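Now for the letters of each chain:
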Amino acid sequence: MSLISCDNLAFAYDGVTVLHGLNFKIEQGDYLCILGENGAGKSTLMKGLLGLKRPSAGSVTFGEDLRAREIGYLPQQTPVQKDFPASVREVVLSGCLSGMGMRPFFGKAEKERAARNMEALEITDLADRCYRDLSGGQQQRVLLARALCATKKVILLDEPVAGLDPLVTINMYKLIERINSEMGITVIMVSHDVQAATNYASHILHLGEDRQLFFGTCEDYRYSAAYHSFMDGGKAVHIWKKAQVKKPAPAAGAAPAETVSAPTEAAPEGTAVSDAAAEKKESPAAQEKAEKEVRK
Amino acid sequence: MFQLILEMFTYPFMVRALCMGVLVALCSALLGVTLVLKRYSMIGDGLSHVGFGALAIATAMNAAPLAVAIPVVIAASFLLLRLSESGKIKGDAAIALISTGSLAVGVMVVSMTTGMNTDVYNYLFGSILSMSEGDVVLTGAVSAVILALFVFFYNRIFAVTFDETFARATGLNARLYNMVIAVLTALIIVVGMRMMGSLLISSLVVFPAVTSMRTCITFRSVMICSAIVSTVCLVTGLVISYLYAAPTGASIVLCNIAAFFLFTALQKLRESLQSREKPL
Ligand SMILES: Nc1ncnc2c1ncn2[C@@H]1O[C@H](COP(=O)(O)OP(=O)(O)OP(=O)(O)O)[C@@H](O)[C@H]1O
Ligand SMILES: [Mg+2]
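Line by line, the protein sequences are chains A and B.
The opening residue of the first sequence carries number 1 in our numbering; numbering runs sequentially from there.
The opening residue of the second sequence carries number 297 in our numbering; numbering runs sequentially from there.
Calculated from the structure, these hints are not laboratory results.
Be careful, since some hints might not be right.
[Said to hold, decoys possible] Computed far set for chain B versus chain A, every beta-carbon distance over 10 Å:
| id | residue |
| --- | --- |
| 1 | Ile394 |
| 2 | Val433 |
| 3 | Ala463 |
| 4 | Ala465 |
| 5 | Leu495 |
| 6 | Met509 |
| 7 | Ile553 |
| 8 | Phe556 |
[Claimed, not checked] Mimicking EDC-like on lysine to aspartate or glutamate, the simulated pairs with C-alpha atoms at most 20 Å apart in a straight line are:
| id | chain 1 | residue 1 | chain 2 | residue 2 |
| --- | --- | --- | --- | --- |
| 9 | B | Lys334 | A | Asp83 |
| 10 | A | Lys53 | B | Glu460 |
| 11 | A | Lys153 | A | Asp30 |
| 12 | A | Lys153 | A | Asp133 |
| 13 | A | Lys153 | A | Glu27 |
| 14 | A | Lys25 | A | Asp65 |
| 15 | A | Lys53 | B | Glu381 |
| 16 | A | Lys152 | A | Glu27 |
| 17 | A | Lys111 | A | Glu122 |
| 18 | A | Lys152 | A | Asp65 |
| 19 | A | Lys25 | A | Glu219 |
| 20 | B | Lys564 | A | Glu177 |
| 21 | A | Lys53 | A | Asp7 |
| 22 | A | Lys152 | A | Asp30 |
| 23 | B | Lys564 | A | Asp133 |
Note that the coordinates shown come from a computational prediction; the quantities given were computed from them, not determined experimentally.
Cβ atoms here follow ideal geometry from the backbone N, Cα and C, with glycine treated the same way.
All chains, please: the whole structure from these sequences, using the hints.
Here is the structure:
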């Protein structure tokens, strides 16, 4: 059984559906990257997975050995007030609360756990500093350590690199990769950085305006129309053409649901078309690309 | 002067006031940190006005004051919490509506029944003479409950105060803890009103927290510091009010103001020392 599976999931705010028709499965050890434009509903989906927002349709099912509260979370924005007095140690420790039942105080196990996670994220020397006095990148690492304290299995990261400089961003990605590969924690990350997503992730979920455009492995994503609609025109077509040569037929079965295979207008023969409806939706973008190609 | 202070504690009502005061000061300081950080300080202020309205009505009906005030204020605190959570009416406007509304009701009830007598004056500005044996027992019980709950839930209250979304995401029942905080606030306000008066009690909640946040940088140290500041200010205020026959509530608040400026000055001093050390 999958760790998390979503069936025909939809979310609405005040009766207005902002996201619908989500179908995907996440297995233990996956590194899923959720892509999509501003307002596509990525944060909403995260909240849905965490149980902070009730789906308007469909369902989220957790595997047998995962309960909702065993998920670590790094919010997109932490509305912590500027004058909040809290040391890094206190913030990280507060992540351990979820596994304590009704026990009121932190025991040795929790303290060791917090220390271990601070060590892993290289913030041990900041432990007694005040959280509000840290730089954005340091704060982000503190919150990541807190999220790690809350979970042994799954961690949800909502734009963990927003506002970080390029060097710190790369460090952050490496940290997240280590969390995934060394600690064996399933990572679900929202990002705007397609490049990084395709470099690090094992699976991609691409959200369009209000629906799922693609879900599948990172491999397959590179050959999908959703990927090319996201990349900037000319360059994308170039890569896409190469892709067609190397891999003319993305297996329709490998990428379930609304996976979109290469559109017919520009595609060479032999391309599998998995979903006629999806193809129609995608064709304007493809035509645009084809036109650009012709212009060249 | 030392003689005078010793003499002060030969009066049973002074001892009573001291015991009650210290308990109230401790509890309100602890709760105050959470309330200030959650931006709920005005809720405390609003509740004290509701308390005044309830006391006025209780007097008019010849009922036991606290027996009426406690449930009414707890109900009001739930209402205020709901209003500031839902964000439908602006939280601060809602608080202003409720607090001035209940003040008006209280004044109306008073003028239609007893008129402006010492009882009413004491509700507004507090008095240590009006406290009975029963009040002391009740205060003791309520403070013990507050302290116990607070210590028991300390870590969870921190989590909910620091980042409510994360707390909820990891399975904490944030709404429950908000309600616990609301009930405890209501209780301490009603109990503290006897001594401080409904117009001044919220200063006991807000001042120590704000004062200790000037210098302390961890949540725990802010808690401890504000408990100490609050207690020291209360005792000093009580002594001053005895020595100079000044109103008790006002003396305590003035001590808190002095502490605030003292801590601000300390912080400034420390900053300037640090900035002088840095360039080396
Ligand atoms: N609390 C809310 N009430 C009403 N509508 C909301 C609320 N939160 C989000 N929305 C709407 O839901 C849609 C999806 O928002 P969401 O925050 O999930 O987008 P996102 O993909 O995370 O965007 P971004 O990349 O900017 O973070 C948007 O159209 C937004 O206007
Ligand atoms: Mg978002």
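query: Which earlier hints turn out false for this structure, listed by number in ascending order?
result: 3, 4, 6, 12 and 20
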